[in-house]
Amino acid sequence: MAHLDRLSGNEAVAVAMRQIDPDVMGAFPITPSTEIPQYFAQYVADGLVNTELVTVESEHSSMSVCMGAAAAGGRAISATSSAGLALMYETLYVAASCRMPIVLAVSTRALSGPININNDHSDAMGARDSGWIQIYAENNQEVYDNYVQAFPIAETENVRLPVMICQDGFITSHAVENIELLEDAEVKSFVGTYEPKHYLLNPDEPLAVGPYDVTHYYMEHKRQQAEAMRNARAAILAQAERFEALTGRKYGFFEAYKMDDAELALVLMGSTAGTAKAAVDMLRAEGRKVGLVKIRVFRPFPMEELAEALKNCRAVAVMDKSEGFSACGGPLFAETRSALYDLETRPKAINIVYGLGGRDVAVDDVRALYDRLADIAATGETGPVYSHIGVREEA
Amino acid sequence: MIHAKDIHENSPWTKMTQGGEIYEPATSLLFNTGDWRTQTPVFLEKKCKQCLLCVPYCPDSAIPVKDGKRGEFDLMHCKGCGICITACPFDAIVWKEDA
Amino acid sequence: MNNQDMVEFRWHGRGGQGAKTACLLLADAAFSSGKYVQGFPEYGPERSGAPITAYNRISSERCGIHSNIYEPDYVIVVDEGLLSCVDVTAGLKETGAIIINSSRTPDELRAHLNGYQGRVCTIDANRISRDILGQVFPNTPMLAAAVKVSGVVDVDKFTSDMEESFHHKFASKPQVIEGNMKVLKTSMEEVQG
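Chains as they are written, first to last, in my numbering: chain Y, 9 to 403; chain H, 348 to 446; chain L, 9 to 201.
Rather than coming from a laboratory, the hints here were simulated on the basis of the structure.
Since the structure is predicted, the reported quantities are computational estimates derived from the model, not experimental observations.
Virtual Cβ for every residue (Gly too), placed ideally from N, Cα, C.
Please note: incorrect hints may appear among the correct ones.
As a list, the in silico EDC-like pairs of lysine to aspartate or glutamate whose alpha-carbon atoms are at most 16 Å apart [unchecked claim]:
#, chain 1, residue 1, chain 2, residue 2
1, H, 362, Y, 235
2, Y, 230, H, 368
3, Y, 205, H, 371
4, Y, 297, Y, 271
5, H, 393, H, 419
6, Y, 297, Y, 379
7, Y, 205, H, 368
Computed beta-carbon distance windows for the label pairs [what the hints assert, rightly or not]:
#, chain 1, residue 1, chain 2, residue 2, range
8, H, 438, Y, 214, 35 to 41 Å
9, Y, 214, H, 414, 24 to 30 Å
10, H, 350, Y, 316, 40 to 46 Å
11, H, 374, Y, 188, 40 to 46 Å
12, L, 164, Y, 334, 57 to 63 Å
13, L, 173, Y, 386, 52 to 58 Å
14, Y, 188, L, 179, 26 to 32 Å
15, Y, 188, L, 123, 42 to 48 Å
16, L, 103, Y, 188, 32 to 38 Å
17, L, 172, Y, 395, 51 to 57 Å
18, Y, 312, L, 42, 50 to 56 Å
Okay, chain Y solo, but in the shape it has when bound (with noise of 0.2 Å):
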């Protein structure tokens, strides 16, 4: 039985995890993810929840306390943004390459440099090689039913991956918007009991975690790492089905928008493929066959599937919200267009850097984009590959 509710993302979040019901939380506070241990600090108070809540001096320390008590065998639990997550950025490998099943959610935000609290991707992208499954959210919804199935893939036996569930900072972290929330029950049945197969409290099997690797040994694991990355794409999808069995929201890789006759179509993430949509349904009442693809899992990387979804485009305008510094486009363009270099025919490529430190992006701004892609088509001619908008030109 669905619930209706109307809660900010990071509500959203605080609530699946009280219904998740974690062993241990490690917190320490960053704007804008704040929120998160806030609320579950009360769950803790109010005797909701039966999560050993350990406050920390720093995120290098709340993810050190994810993985002891991810070692010891219990479920662990943090939530992050930004700095934060700069400051895990190596506790994040070692939880990753010591295969443990942690969910971190992140609220993303840019990282510094000048310093600034508003939304981009510049954080949760700098963590994408740190080998967690990321899956990003459009909005309140998708972000607690991302969460809601998050321990079923990481605790997965042939993935065992830790996980983040990425939101955008402020724009859907700190927006009120209606809800459909699980009962708790439900919850607890779709996520289910841990039962970890090693665990350091198991008195009958000693047990050592995380042994120096020789160069001998290490890149077998690495090795090992990567094929559970590719497992973890069956579990992603294993998920999504029992999750669509039990609310009607269905979930894949990506959503493909009106993609089926598309001729141009954007590839983004997060909370501006909602604008985007309402960009598209404005065309389509047009007749102009344009779509999008909302990527929900950037880690692992849909590659094949992206390819096939967008092998009848004409043109292609991938947006990234983190500029990337390679001089030649940010990341998630670097993998679309990765992506299509395995078609027979491929549509032109661009990349759109937007939204950089919380600037906004309206459904015009999305149109305009629609209109590039049209004369790309037209002429065949891509113009610059790369480039930013929303940023002041001089006149």
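Since the structure of chain Y is provided, determine the placement of chains H and L on it from the hints.
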């Protein structure tokens, strides 16, 4: 389950444990690190007062203790660092000559 | 997505006046009457007294747009002093209205609104709050005025929902519930324009 004794430098990645986990204790018994040693300590039992100060100082737990008394060095694990020689107040440990 | 009946609000206030809270309460009220809602603040380096903006979208279908609101139907100005430093009528639809916390009349204020031709409403929220509660909390009167002027939520339903919400919010000090309800009703009566 994959045991430590079955993992070696020719093991394929599919025959290794996830994350390098080790599911049993005392796996150092499988590895002879004594051959790293360039100098060897000698235990002079007659000079020893059994104060056992050498035991906690040994970084490799290579001094076995039984019934409250230390015994001969475990030379499979002693790396010959000489810390025990410095720690011993009674000169009961010396370097082996012409080693 | 078909959001033909979508109504958009933009709130201008100062940090600490409760504009964001009022914005979220409006979302609550609209949600309670079966609407799809968005309520979100625009965050900057806010400190007490700095101008802040918050937004609402209210419609009978879910709205996926996550941008700020550039052409609102209604603008609510919680602090009259903002008229001289913020372009409060920017993009405001002529078919909509601006609601200003002021002791002045709509006609007196129209000259300060960059030629805005639409409906201008005023309410002396500070006085109402001071008279009834003894302190200046302008956000509840402004919320009531926004509901009354926009008609986005049924007034009776809004009043009963708010009473319930006050009972919840002020469970530990029920003596203030009556005052807040009086503020709400007085504000809906006194808003002019």
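Here's how the hints hold up against the structure:
Pair hint residue 362 of chain H plus residue 235 of chain Y holds up; C-alpha atoms about 13 Å apart against a cutoff of 16 Å. Between residue 230 of chain Y and residue 368 of chain H, the direct Cα distance comes to roughly 14 Å. Compliance with the 16 Å bound is thereby established for this hinted pair. Between residue 205 of chain Y and residue 371 of chain H the CA atoms are separated by roughly 14 Å; this keeps the pair inside 16 Å, and the hint holds. For the hint pairing residue 297 of chain Y with residue 271 of chain Y, the CA-to-CA distance comes to about 6 Å; that is within 16 Å, so the pair holds.
At roughly 13 Å between alpha-carbon atoms, residue 393 of chain H and residue 419 of chain H fall within 16 Å of each other, so this suggested pair holds. In summary, the hint linking residue 297 of chain Y to residue 379 of chain Y is supported, as the alpha carbons are separated by about 12 Å, within the 16 Å threshold. Between residue 205 of chain Y and residue 368 of chain H the CA atoms are separated by roughly 12 Å; this keeps the pair inside 16 Å, and the hint holds. Between residue 438 of chain H and residue 214 of chain Y the CB atoms are about 38 Å apart, so this pair conforms to the stated range of 35 to 41 Å.
At roughly 25 Å, the beta-carbon separation of residue 214 of chain Y and residue 414 of chain H lies within the given 24 to 30 Å, and the hint holds. Between residue 350 of chain H and residue 316 of chain Y the CB atoms are about 44 Å apart, so this pair conforms to the stated range of 40 to 46 Å. With their beta carbons about 51 Å apart, residue 374 of chain H and residue 188 of chain Y fall outside the hinted range of 40 to 46 Å. At about 59 Å, the CB distance of residue 164 of chain L to residue 334 of chain Y agrees with the hint of 57 to 63 Å.
In this structure the supplied range 52 to 58 Å holds for residue 173 of chain L paired with residue 386 of chain Y, their Cβ-Cβ distance being about 55 Å. For residue 188 of chain Y and residue 179 of chain L, the hinted distance range of 26 to 32 Å is satisfied, since their beta carbons lie about 27 Å from each other. Range check, residue 188 of chain Y to residue 123 of chain L: Cβ separation about 45 Å, and the 42 to 48 Å hint holds. One distance hint, 32 to 38 Å for the beta-carbon pair residue 103 of chain L and residue 188 of chain Y, holds here, with the actual separation near 33 Å.
The beta-carbon spacing between residue 172 of chain L and residue 395 of chain Y, approximately 52 Å, falls within the hinted interval of 51 to 57 Å. At about 43 Å, the beta-carbon gap between residue 312 of chain Y and residue 42 of chain L misses the expected band of 50 to 56 Å.
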